[in-house]
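Asker: Sequence:
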Amino acid sequence: MASPDRLCRHCELPLPDESSSWVREGFCCRGCKTVHGVLQAGGLDRYYALRDGAGVPVGELPDEHDLGWIEELRAAPSPRIEIDVQGMHCAGCVWVIEKLFERHGSGSLELNPTLGRAELLVGDDYDLEGFARDVEALGYRLGPAGEESRSKSDGLLLRTGICLALAGNGMFYAAATYFGLDEGPIYRLLSQMAYGAAALAVLVGGSVFIRAAWQALRRGVVHLDLPIALGILLSFAGASWSYFTGGEARYVDTVTIFIALMLLGRWLQERVLERNRRQLLDDRGAESLRTRRVVESEGSEQIRLVRAVEIDAGDLLHLAAGDLVPVDAELLDAEGSFSLDWIDGESEPRPYRRGEVVPAGAFHVGRTARRMRAAQPFEDSAVRRLLRRPQARDDDGAAWWQRIAKWYVAGVLLAAGAAIAVWWGLAGAPHTAVEVATAVLVVTCPCAFGIATPLAYELAHARLRRRGLFVRTRSFLDRARALRRLVFDKTGTLTTGRLSLADEAPLDALDDEARAVLAALAASNAHPKSQAVARALEARGVRSEALPTREEPGRGVEVERGGRLWRLGSPRWVSELGASALRKPGEGAPGEDASIADGADLAFAVDGELLARFRTEERLRPDAARELRALAEHGYETWILSGDAPARVAAIAEEVGIASERALGGRDPEAKAAFLRARPKAETLMIGDGLNDSLAATEAGCAGTPAIDRPFLAARSDFYFTTPGLGPILDALATAEELARAVRQVLIFAVAYNLGAVAIAFSGVMEPWLAAILMPISSLLSIAWVVWRLGPRRAPARDALPRLTPLPAPR
Numbered sequence: 000m001a002s003p004d005r006l007c008r009h010c011e012l013p014l015p016d017e018s019s020s021w022v023r024e025g026f027c028c029r030g031c032k033t034v035h036g037v038l039q040a041g042g043l044d045r046y047y048a049l050r051d052g053a054g055v056p057v058g059e060l061p062d063e064h065d066l067g068w069i070e071e072l073r074a075a076p077s078p079r080i081e082i083d084v085q086g087m088h089c090a091g092c093v094w095v096i097e098k099l100f101e102r103h104g105s106g107s108l109e110l111n112p113t114l115g116r117a118e119l120l121v122g123d124d125y126d127l128e129g130f131a132r133d134v135e136a137l138g139y140r141l142g143p144a145g146e147e148s149r150s151k152s153d154g155l156l157l158r159t160g161i162c163l164a165l166a167g168n169g170m171f172y173a174a175a176t177y178f179g180l181d182e183g184p185i186y187r188l189l190s191q192m193a194y195g196a197a198a199l200a201v202l203v204g205g206s207v208f209i210r211a212a213w214q215a216l217r218r219g220v221v222h223l224d225l226p227i228a229l230g231i232l233l234s235f236a237g238a239s240w241s242y243f244t245g246g247e248a249r250y251v252d253t254v255t256i257f258i259a260l261m262l263l264g265r266w267l268q269e270r271v272l273e274r275n276r277r278q279l280l281d282d283r284g285a286e287s288l289r290t291r292r293v294v295e296s297e298g299s300e301q302i303r304l305v306r307a308v309e310i311d312a313g314d315l316l317h318l319a320a321g322d323l324v325p326v327d328a329e330l331l332d333a334e335g336s337f338s339l340d341w342i343d344g345e346s347e348p349r350p351y352r353r354g355e356v357v358p359a360g361a362f363h364v365g366r367t368a369r370r371m372r373a374a375q376p377f378e379d380s381a382v383r384r385l386l387r388r389p390q391a392r393d394d395d396g397a398a399w400w401q402r403i404a405k406w407y408v409a410g411v412l413l414a415a416g417a418a419i420a421v422w423w424g425l426a427g428a429p430h431t432a433v434e435v436a437t438a439v440l441v442v443t444c445p446c447a448f449g450i451a452t453p454l455a456y457e458l459a460h461a462r463l464r465r466r467g468l469f470v471r472t473r474s475f476l477d478r479a480r481a482l483r484r485l486v487f488d489k490t491g492t493l494t495t496g497r498l499s500l501a502d503e504a505p506l507d508a509l510d511d512e513a514r515a516v517l518a519a520l521a522a523s524n525a526h527p528k529s530q531a532v533a534r535a536l537e538a539r540g541v542r543s544e545a546l547p548t549r550e551e552p553g554r555g556v557e558v559e560r561g562g563r564l565w566r567l568g569s570p571r572w573v574s575e576l577g578a579s580a581l582r583k584p585g586e587g588a589p590g591e592d593a594s595i596a597d598g599a600d601l602a603f604a605v606d607g608e609l610l611a612r613f614r615t616e617e618r619l620r621p622d623a624a625r626e627l628r629a630l631a632e633h634g635y636e637t638w639i640l641s642g643d644a645p646a647r648v649a650a651i652a653e654e655v656g657i658a659s660e661r662a663l664g665g666r667d668p669e670a671k672a673a674f675l676r677a678r679p680k681a682e683t684l685m686i687g688d689g690l691n692d693s694l695a696a697t698e699a700g701c702a703g704t705p706a707i708d709r710p711f712l713a714a715r716s717d718f719y720f721t722t723p724g725l726g727p728i729l730d731a732l733a734t735a736e737e738l739a740r741a742v743r744q745v746l747i748f749a750v751a752y753n754l755g756a757v758a759i760a761f762s763g764v765m766e767p768w769l770a771a772i773l774m775p776i777s778s779l780l781s782i783a784w785v786v787w788r789l790g791p792r793r794a795p796a797r798d799a800l801p802r803l804t805p806l807p808a809p810r
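First residue of the sequence shown: 0, per numbering that gives the first Met the number 0; consecutive thereafter.
Everything labelled a hint here was simulated from the structure, so no lab data went into it. Fair warning: there could be bad hints in the mix.
[To be verified] Quick list of the computed label-pair ranges, beta carbon to beta carbon:
1) Glu109 - Ser296: 31 to 39 Å
2) Pro801 - Ala650: 27 to 35 Å
3) Pro679 - His633: 16 to 24 Å
4) Arg384 - Ser77: 32 to 40 Å
5) Gln301 - Asp332: 14 to 22 Å
6) Leu780 - Pro429: 32 to 40 Å
7) His430 - Gly167: 27 to 35 Å
8) Arg306 - Ala333: 24 to 32 Å
Beta carbons are placed, not taken as given, at the ideal position from N, Cα and C, and that holds for glycine.
Please model the entire structure based on the sequences and the hints provided.
Answerer: Quick look at the structure:
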């Protein structure tokens with residue numbers, strides 16, 4: 000369990016119960032500790048005073064990645080550069096990015112946290128790459144501006160503001176008539192102004208619902224906007240009739256209030272998901288990939304950044320550190336190390352030799368660039384197939400409350416029609432019939448659907464954001480209530496995705512010189528095992544200096560210093576200089592086995608003399624075992640589906656308490672997708688972090704990911720989370736249940752209110768002033784209820800989750 004009374008010094012989320020060095024210092028993860036240190040050292044700690052509420056946990060800071068896209072932006076003819084900023088969400092973010100911008104030269108910077116967009120006007124001498132690296136050191140992520148440059152909710156916000164102002168003025172004008180003003184020039188002036196405000200509100204705000212209702216009717220759909228549009232049109236038509244025939248504008252204040260409230264609800268509905276989506280860099284699938292191609296120009300070779308879709312078989316490629324291999328390609332250099340974890344989930348990088356073909360989707364993890372020759376066009380690449388845009392999830396599909404709304408629409412239309420039939424056909428009073436029908440349409444306020452329900456979703460999403468989970472699709476919280484089966488990838492999902500030292504005691508046994516050299520060797524090598532050593536030394540405050548190290552792909556890294564040869568790498572390679580030093584009495588030569596005593600898989604030596612040996616391991620996320628047990632206790636069926644070796648998957652499954660028959664390893668992307676395809680889609684949630692999980696994500700009813708350093712999978716998921724642990728998943732399931740319960744209760748109130756309001760309107764005694772009072776009161780009561788049930792002071796009630804009936808045993 001987390002400690003609610005102990006909060007992270009950076010993001011202010013509860014600290015997990017673990018004994019890591021960063022938790023002891025008051026941080027929930029290594030990333031938060033690093034960013035806090037950078038802010039303090041750079042004199043940027045005012046960020047915390049400017050930040051709005053709690054921040055977002057950083058987790059593990061992503062490794063430095065290629066900023067080649069900046070070359071393309073600089074080459075553009077326009078002096079204005081647009082960049083998307085992932086993770087910018089408040090005034091504190093804006094301030095700290097502006098301060099970093101000032102440190103790298105002169106120019107202008109405009110930031111829009113709502114859009115996640117930065118617009119820069121800088122000269123050729125501005126250090127744009129340095130600015131980008133400083134910003135990314137704080138946990139943000141930069142990329143070229145996406146296709147959508149304008150927020151869809153901006154127009155609604157402007158319309159809402161205008162209509163709220165009109166509603167306030169309309170109520171002021173109408174108040175005078177309600178208090179007895181019924182003649183004279185002031186009365187006529189106020190009537191004219193009230194009517195003008197209503198007419199403007201219909202044009203500015205009412206047109207949104209009228210247009211939507213008409214488009215729905217053309218598609219043969221009865222939409223919730225239909226009674227809203229009819230209420231607006233009929234009430235305004237009635238007000239126009241009474242104004243132009245008798246000089247009295249009835250219902251005009253009710254019309255303006257009604258339009259303003261409905262627009263506010265619609266804006267909330269659009270804003271919440273748009274904000275979460277804008278937290279991620281834009282993903283245009285394969286179109287967003289760039290790679291470096293070597294071309295002949297004027298008798299010399301030049302390296303040009305091109306779109307990956309332009310790559311053809313035979314092209315010469317230049318792979319910098321951290322670059323993605325876009326197609327199957329032959330390695331032309333002597334050796335290279337490539338990580339295939341996004342292809343098959345294998346956490347250990349693989350060495351490749353000259354002439355071997357590296358599969359598409361691998362990442363170059365070496366520090367020095369490698370040259371490769373494309374063995375296929377990008378059209379045939381596995382990366383293109385895995386990045387193919389899936390069909391959009393049914394965001395606008397009918398949620399359960401939207402299905403109820405259709406019955407509401409039918410009921411309101413029947414009531415209005417019955418009012419006309421009774422008062423016109425039976426009573427012979429056509430004028431009264433129109434007034435009664437108008438009163439029915441106006442007073443039967445759909446606020447439970449139009450404003451209270453969108454507000455409930457906004458509050459639910461805001462609650463999850465505070466827990467570190469961001470919902471991207473409109474219908475996820477509705478679909479989440481049908482989930483029964485949760486399928487997890489292993490590497491990067493159940494585990495942190497990075498290796499750690501099983502025992503850090505050997506570091507403390509080293510003298511200062513050895514620790515300094517070890518830090519330099521580890522920092523200069525991108526292999527996950529070396530990086531595990533580097534992070535452990537960094538946590539101890541050991542700084543690495545730049546030394547002329549040499550990397551031996553697949554073996555390790557070495558440096559000559561003071562006439563001595565220092566090595567960090569595989570035990571077999573280190574043993575070449577001093578086999579006897581690496582053996583204990585009675586052991587065979589180390590060359591006979593790739594490991595040394597204690598199961599260590601990494602050694603550090605100088606001139607063949609062993610100084611330290613380490614055992615690295617995949618570390619589970621801090622709360623993985625506890626959260627998976629909690630899911631099982633609530634009746635959810637949990638699985639592991641991984642491309643990693645079955646033995647490693649089985650070991651992790653045992654550690655987190657998942658039955659061995661539900662821990663499946665060695666599955667390629669197609670096998671993962673087939674597994675999910677064979678099970679009921681609506682019941683399954685897939686959580687993964689790699690490119691090899693993208694096919695499976697499209698086959699699941701819901702999908703989530705902790706991977707936001709690359710947008711490929713996050714942009715295809717229903718949600719993503721940024722916390723070190725898995726706690727937000729169960730929080731999301733509990734919130735979905737609480738949300739449904741709160742909306743149900745609001746709808747029950749709405750039905751009771753509308754039945755009473757229709758009875759009063761049907762009797763013919765509903766006056767405009769009464770409608771003007773009843774409608775806002777019902778709206779405020781609905782809003783107050785959802786705020787009380789889902790407001791910021793209430794944490795997700797996990798106990799509210801029903802205990803599910805276990806699914807049948809897996810086959």
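Asker: Could you check the structure against the hints above and give me the numbers of any it violates, in ascending order?
Answerer: none
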